[in-house]
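Line order of the protein sequences matches chains A and B.
Letter 16 of the first sequence, counting from 1, is numbered 16 in this note's numbering, and no numbers are missing.
Letter 46 of the second sequence, counting from 1, is numbered 46 in this note's numbering, and no numbers are missing.
If you're looking for bench data, these hints aren't it; they were derived computationally from the structure.
Since the structure is predicted, the reported quantities are computational estimates derived from the model, not experimental observations.
Even glycine gets a Cβ: it sits at the ideal position worked out from N, Cα and C.
Take the hints with a grain of salt, since some may be wrong.
[Claimed, not checked] Calculated Cβ distances over 10 Å to all of chain B for the following chain A residues:
| # | residue |
| --- | --- |
| 1 | Ser245 |
| 2 | Ile340 |
| 3 | Lys479 |
[To be verified] Quick partial rundown of chain A residues pointing at chain B, CB under 8 Å, derived from the structure:
| # | residue |
| --- | --- |
| 4 | Gly65 |
| 5 | Glu244 |
| 6 | Arg260 |
| 7 | Cys264 |
| 8 | Lys265 |
| 9 | Glu324 |
| 10 | Ala334 |
| 11 | Phe419 |
| 12 | Ile433 |
| 13 | Val442 |
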Amino acid sequence: MAKQLFGLETEYAFTALDAQGQSVDREATVDQLMHLARSTLPHLPDMHSSGMFLQNGSRFYVDAGPHPEFCTPECTTPWDAVRYVLAGEKILARLAVELEYRNYKISEALFFKCNVDYTKRHTTWGCHESYLHHVDPALLPGQILPHLVSRIIYTGAGGCSSGSQGLEFTLSPRVNQLVTVVSNDSTHNRGIFHTKNESLSGRYYNRMHILCGESLGSQLAIWLKIGVTALVVAMVEAGLRPGESVQLGAPLEAMRLFARDAECKAEAQGKDGQPLTAIAIQRHYLDLAVAHVHDSFMPAWAAEVCREWGRVLDLLEAGSPALETMLDWQIKLALFKDRIVRRGLNWETVAQWTQLLGALTAAPRGKTADDDTDLLSELVAVRKSRIGDQVKKLAPSIKARGLRTVDLTRFLTLRQELFEIDTRYGQLGARGIFATLDRAGVLNHHVSGVDDIYTAVTSAPSTSRARLRGEWISRLAGKPGRSACDWQILWDDTKRQALDLTEPFEYQERWVSLPRNENGKFDPFEELIPRLRQAT
Amino acid sequence: MIQRERNNDREPEQTQQPTAPAMPSQSLNNTREAAERFLAAGDDAINRALSANSEDFLAANRQAGGQ
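My request is simple: use the sequences and hints to build the entire structure.
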């Protein structure tokens, strides 16, 4: 059976609040967080940044924003992928508690596993996936795009559409941040398919980097996201061309359509003009995977993934309420609907307000539109502005729809509340909504075999080069010298030798001593990797 | 604060027990009860998590973007 290799990078929103609920200087707090991590977690410094590699083989660092980011070690099963995501969360949650304890100004240090910032339309946090492969990268988009577009029916985080002036549920909030189909940009011109191909391994490897995915709470959803996508990559590697007969005429539009459709019945147009639902596309990939499930190019766990994949598609097709406790977007939709009713409104009224406010947004405004300006806040605050005049003009329309202008404030309050619910859903620690529901035993998202998270906090997976990295980090952490680490190399400054990790499935130690260059010096961090990659 | 984290560290309680196949009406009742339990727990979790003013919380949490 073939081996697959993959990992996840999760970007976390991070906020420290004082006793009055005001934000404490974020940059200073993030600096303090990293200092705390350096002083409490066994690690080696990252060769290329101020971050670090930990003894479980993972990488922890601060990315632009600044926001903390956690990368799992290289995993070979979807069970391990979920396990190491959860291990990373345990590490971060402990750091948050420690930070609160050490800094008297901080009342709450909060990590959020959320996907969009509702106060700033273009702010988003990614959960990227990486899959090792040997395919010509140019072949991938055509074969993988229909999968990425349609998988949101089980991988979507759920939430509100950040582009809406009202309240619109979306299966996948990150879809609003995608503006093109294929792109090499990860911060602005984001595409469904990201062309980045930095293998972080020897020269015979490629890495598919997916940035349209989302942070999830459901173990089942994370497990399926990784497991199914890895099977699709395996099929492409085997030359099967799994996406060929489900090509979409307009992938981005199809993804937006599927994201809006909580019934999973919307039909996008295939390239040949045939109507395709997200479920039909997923079934096409599933049927092909099942037909080849015992082939040598498939991983040993392919059958288990196919079984769960098929079961979830069946439940989606049947519109089963069982999914309301299994998949993130379904859990959130149920919570949102319930909250709306508890606030004295209903889904239809919400849709009517949304429509009305959309019309208002489209009307001429008194000042230049600004993406970061929340029109609805203005509506409440600036009663006498031209926007206020627009509200007056729309009064007959409000009445004709059976709505009351006094309900506008109630609707706006509800809107902010649902935004906070979405943000708090993925809050790490005891008060997070998902965590609380999980502890209450009302969710059905656990994957059998995802266990022993505490071991994963301190030990790397045994089936990839991460094991060697983790073991040597444990041995060298805290020792004097410039020992440091990278995905492909570990520099032991005590021996002046490098552990070659360019082979991703490496299980034996291969130490390399480098000759000094013509100046009599060498910088191990700059010179080792190109040399080792060349030799691999 | 440390105690709070320890609470979070507890393994999720296992509430699902194997049961005999249910009659259709019984199954429907079970589903309805499970949904009611879930929504009640959801309401409780939300009430515990939400701040006094969502707009203020979101503003305090506002940040620059990732990827």
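Okay, the hints, checked on the actual structure:
With a closest Cβ-Cβ approach of about 32 Å to chain B, A:Ser245 is found to remain outside the 10 Å limit, as its non-interface label requires. For A:Ile340, the shortest C-beta to C-beta distance to chain B comes to about 12 Å, beyond the 10 Å cut-off, and the non-interface label holds. Here A:Lys479 stays apart from chain B, with its beta-carbon at least about 29 Å from theirs, past the 10 Å limit. Nearest Cβ of chain B to the Cβ of A:Gly65: about 5 Å, under the 8 Å cut. The hint holds.
The beta carbon of A:Glu244 is not positioned within 8 Å of any beta carbon in chain B (closest approach about 30 Å), and the interface hint is therefore violated. The interface hint given for A:Arg260 is broken, as the beta carbon of that residue sits about 23 Å from the closest beta carbon of chain B, more than 8 Å. The interface hint given for A:Cys264 is broken, as the beta carbon of that residue sits about 19 Å from the closest beta carbon of chain B, more than 8 Å. For A:Lys265, the interface hint is violated, the least distance from its beta-carbon to any beta-carbon of chain B being 22 Å, above 8 Å.
Nearest Cβ of chain B to the Cβ of A:Glu324: about 7 Å, under the 8 Å cut. The hint holds. Interface hint at A:Ala334: satisfied, since its Cβ lies 7 Å from the closest Cβ of chain B, which is below the 8 Å cut-off. Against a cut-off of 8 Å between C-beta atoms, the interface hint on A:Phe419 holds, since the closest Cβ of chain B lies about 6 Å away. Annotation: interface hint on A:Ile433 holds; nearest CB of chain B at approximately 5 Å, less than 8 Å.
Residue-level restraint check for A:Val442 holds (minimum Cβ-Cβ distance to chain B is 4 Å; threshold 8 Å).
When each numbered hint is compared with the structure, violations occur for hints 5, 6, 7 and 8.
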